[in-house]
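Please model the entire structure based on the sequences and the hints provided.
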Amino acid sequence: HVNIVRMYGVAVDYEPLMIIIELAKISDFGLSREGCIYRMKGSKKVPIKWTAPETLSTFTYTLKTDVFAFSILVWEVF
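So for the sequence shown, this note's numbering puts the first residue at 215; every next one is plus one.
Any given hint might turn out to be false.
Stated by the list, open to error - Within a straight-line C-alpha distance of at most 27 Å, the following computed BS3-like cross-link-like pairs (lysine-lysine) qualify:
1) Lys278 / Lys259
2) Lys263 / Lys278
3) Lys278 / Lys258
4) Lys278 / Lys255
Bear in mind the hints are in silico, worked out from the structure with no lab data behind them.
Structure (structure tokens):
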């Protein structure tokens, strides 16, 4: 599949060296746009879990809403 990238990593544990082979899935939901502000027209599927609350009411994406989505992603990873 086009959006699947094979990731090879190295993790250090109490044992000398442990190789981890995982699969990372990358996607953008078709929301990538150029510019500072993007206003969504019409109804589209959006990732509710990572969407800023103000975007759900105004349908406007800005740098601040991108930071919100990234912070949720980082919080989930760590």
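We went through each hint and held it up to the structure:
no., hint, in the structure
1, Lys278 / Lys259, "holds, 20 Å"
2, Lys263 / Lys278, "holds, 16 Å"
3, Lys278 / Lys258, "holds, 20 Å"
4, Lys278 / Lys255, "holds, 19 Å"
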